[in-house]
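Colleague: Taken in sequence, the protein lines are chains A and B.
Every letter in the first sequence is one number past the one before it in the UniProt record's numbering, and letter 455, counting from 1, is 455.
Every letter in the second sequence is one number past the one before it in the UniProt record's numbering, and letter 87, counting from 1, is 87.
Just so you know, these hints were derived from the structure itself, not from any lab.
Watch out, some of these pointers could steer you wrong.
[Unchecked claim] Capping the alpha-carbon separation at 25 angstroms, the derived lysine to aspartate or glutamate pairs in DMTMM-like fashion look like this:
{"hint": "1", "chain 1": "B", "residue 1": "Lys183", "chain 2": "A", "residue 2": "Glu152"}
{"hint": "2", "chain 1": "B", "residue 1": "Lys3", "chain 2": "A", "residue 2": "Glu152"}
{"hint": "3", "chain 1": "B", "residue 1": "Lys167", "chain 2": "A", "residue 2": "Asp22"}
{"hint": "4", "chain 1": "A", "residue 1": "Lys284", "chain 2": "A", "residue 2": "Glu173"}
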Amino acid sequence: MTAPKTLYDKIWDAHVADQSEDGTCLLYIDRHLVHEVTSPQAFEGLRMAHRPVHAPDKTIAVPDHNVPTTPGRENPEQMTEDSRVQVAALDKNAKEFGINYYPVTDVRQGIVHIVGPEQGWTLPGMTVVCGDSHTATHGAFGALAHGIGTSEVEHVLATQTLIQKKSKNMKVEITGKLKPGVTPKDVTLAIIGATGTAGGTGYVIEYTGQVIRDMSMEGRMTVCNMAIEGGARAGLIAPDETTFEYVKGRPHAPKGAAWEQALAYWKTLYTDEGAHFDKVVTLKGEDIEPVVTWGTSPEDVLPISANVPAPEDFTGGKVDAAKRAIEYMGLEVGEKLTDIKIDAVFIGSCTNGRIEDLRAAAEVLKGRKLAPGVRGIVVPGSGLVKAQAEEEGLDKVFTDAGLEWRMAGCSMCLAMNPDQLAPEERCASTSNRNFEGRQGYKGRTHLMSPAMAAAAGVTGHLTDVRELMELEDA
Amino acid sequence: MEKFEKLTGIAAPLPLVNIDTDMIIPKQFLKTIKRSGLGVNLFDEMRYDREGNENPDFVLNKPQYRDTQILVAGDNFGCGSSREHAPWAIADFGIKCVISTSFADIFFNNCFKNGILPIALPQEQVDLLMKDAEKGSNARMTVDLEAQEITTSDGEVIKFEVDAFKKHCLLNGLDDIGLTMEKAGAIKSFEDKMATERPWV
Ligand code: SF4
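Could you put the whole structure together from the sequences, leaning on the hints where they help?
Modeller: Pasting the structure below:
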C-alpha cells in the first residue's frame, strides 16, 4: 500500500518528468499563460537562441495589464508609449510563435486569470504557470498553479517544464457556514488576517471545509487568488461536482469519451485520509465578519465594526510598519473604520471581476446612487463577463448609480494604464493589493468584497453592507 | 545559448578601472522589452556625445575596432547594479570575451548565462594583452576555451583558469534551458505517457 497523499502530492507526483539526486525536479507544465508585461524578454531569448515554443498548443496569451479600458481602445493612440510597445510585442510574439491568442479586439480578451478558466484551458489536476503571482487563482480547480519570473517564462516556453523543488503542505479549513453578507473575499482576507502575509511562505495551501465546499467556482477562485498574499506560492481546492459542472462544455474542456476519461481521473484528486500536513489552520465560518483592510499590507485586516488600531497594539517590526501605514493612509488611531470617508470605488480585478462579483455589487447598488463626490468604475474581468452582465442589465444598474462601465483588463488593480488614483485619493477596492502606490502614486486602498465596495460607494464611507441589506428587508 | 568554442578576433583595449554597469548600459535603456538591441547603447555615455554623435576617440568607434569580439579592460570590471542588461548589451555588440584582472561578482556570473567568457588574469598578463590589443585589427587574438589558452598575435600563449562546470556549459552552449534540453528524452517520454494517460491535457 502506498502512503496517503495530499492533493498537492498527487498533482506534483503526476508531473515529475525527471528528478535529480538533490531532489530538484523537472516539473511538466500543462498550461502556460502569458501576458504582455513579463514575456517580451523571454520571447526575445527564444529568438536569439533560435528556439521554438515547445508546446504552442499549451500556451495561451492575452494582453491585460496595461490595456486601456475605455471604449475605442483598439486605437493604440490611447496607450502610453511603453504600453503600446508591450502590447504590440505580444501581438507579434503570439503570431510568430503560433500560440493561442486573445487580442484586445477579441470579445474573449480579459484578465489572464479570468480568461483561462472561462475558456476551459484550466482543468483539474493540471500544472498551470504564468509570469504573474496571481496565477494561484487557478488552484480553485484543483490545479497546481503558481507565478514565475521572466527567465522561467522563457524556460517553460522552450521546454514546457520548470526546474522546481517541492513545497510543504498546509491545510486551511473553514468549517461551518458563512453568515449572510459574508462573501468569499471576506473569507480569503480573514485567512490572511489570521495567518499573516508570511503565514504560507514555503507552503502550498489546500483550502478545505464546508464553507469552501458550499462556494461557487467564482468564490473559490477569489479565495485561491489571494493565497499569494498569504505568502503561499499556490492554493488548491479539491475538485468536486461544482468544479465539473463549471468546466463542462467550456471551449477547451474535453468532450465525449475524453470527458468521461478525464472525469474518472479528476475524481481521484483529493487528499487521502490520514495524509500529512506540515501546518494546519482552522477558522469557523460563523466567526467571519465582513472585513476591510485599514493599512498597506493585505494582512492589515479588521472586521468592519472595528477601529483603526494603534501601532502599540502590535509587536516587533510591525509597530513601525503600522505607524507608517496609518500615516500613509491618512487615518486617526482609534477612529471607527465606518467613519473613514472614501473618494473612489473600484470593482474589478482577477480577485473580484467575475460575473458573481458584479451581481453582488449590483444588488447593493440597485436603485441607489453613489454618494456625492464619490467616483466609481466597474471593470469586468473579461469581454465575456461584460457581455453576460449587459445581458442581465447590470451595466444599467451601475451607470444609473453613477459608476463608469468599462472594458476588460487589470485597470486600477495596478494602475499601469490610465486608470489611477490621484495622490491621497481613497478607494474602496475589490482588488488584492493595498501596497503604497499600488493604485496610483500616493493613492490609498482599502480592500474589501464587491458588496462592501458598493456599500461604501453609496454611503461615502466604509460601511457594513449588512446595514443596507437590512434596509432592503424592512 | 551559442556555443563558445574557439574564438579568434579583434581585441579592443579599454584601460579604465572600475567600469560599472551604468557605464556599460545607462539606466534609461532598461525600459526595453528586449534583451537584444542594446548593443548600440553599450558604453553609451563614453561612446556618444549629448546629441548622439559618435565620439571619435572612443575605442569602439575607431574603424579598426568596430568588429571587436574581445575586450581587454582595467580592474574591477562590471561593478554596480545586478542588471543583466549589462551582459545583454555586451553580447549584442558582439563581444564574447572580456579580460581583466578582476570582475564584480554578479556581473561575472551573468556573463556565463549570456554566452560571454570573462577571464581574470594577473596584472602583467593583462598588461601584455592590452599592448597586443592596441595593435588594432591586424592583430588577432585567439581564445581557446577547451585548452584554456589565449594566444596573442605574436603567438605568445597565456593559460587561464575557469570553473569546470561553467566551462562545460559555455562549451556546449548550455544555460538553464540548455541543461533542461539535455533531458529532452525524459520530457519526450513523459509527454508520450501523458498522451495515453491524460490525452485531454
Ligand atoms: S487584476 Fe491585478 S492582480 Fe490580477 S493579474 Fe491583473 S494586475 Fe495582477
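Colleague: Taking the hints in turn, state whether each one holds.
Modeller: Status of the hints after comparison with the structure:
| no. | hint | in the structure |
| --- | --- | --- |
| 1 | B:Lys183 <-> A:Glu152 | holds, 17 angstroms |
| 2 | B:Lys3 <-> A:Glu152 | holds, 21 angstroms |
| 3 | B:Lys167 <-> A:Asp22 | holds, 22 angstroms |
| 4 | A:Lys284 <-> A:Glu173 | holds, 8 angstroms |
Of the numbered hints given earlier, the model fails none.
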